[in-house]
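Counting the sequence shown from 1 gives a position; the numbering used here is that position plus 224.
Rather than coming from a laboratory, the hints here were simulated on the basis of the structure.
Yeah, the Cβ is synthetic: ideal placement off N, Cα and C, and Gly gets one too.
One should not assume that every hint holds.
Pairwise CB distance ranges, derived in the manner of DEER restraints [to be verified]:
| hint | residue 1 | residue 2 | range |
| --- | --- | --- | --- |
| 1 | G265 | K244 | 27 to 37 Å |
| 2 | S267 | E235 | 29 to 39 Å |
| 3 | A263 | L243 | 26 to 36 Å |
| 4 | F246 | S267 | 28 to 38 Å |
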Amino acid sequence: MMRPTPLIGDERVSWLSLLKVFELGLFEIKMVIEAKKRALGASS
């Protein structure tokens, strides 16, 4: 079943925005992990 092209375009935009959000989330998680590692290293 073929879908109209505008819908595909919208999906592409939403996928890109989802990827951006996902990348930002991963970056935040990495920062938190690094901070925890530093805190553990300083305390030991």
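Status of the hints after comparison with the structure:
{"no.": "1", "hint": "G265 x K244: 27 to 37 Å", "result": "holds (32 Å)"}
{"no.": "2", "hint": "S267 x E235: 29 to 39 Å", "result": "violated (48 Å)"}
{"no.": "3", "hint": "A263 x L243: 26 to 36 Å", "result": "holds (30 Å)"}
{"no.": "4", "hint": "F246 x S267: 28 to 38 Å", "result": "holds (32 Å)"}
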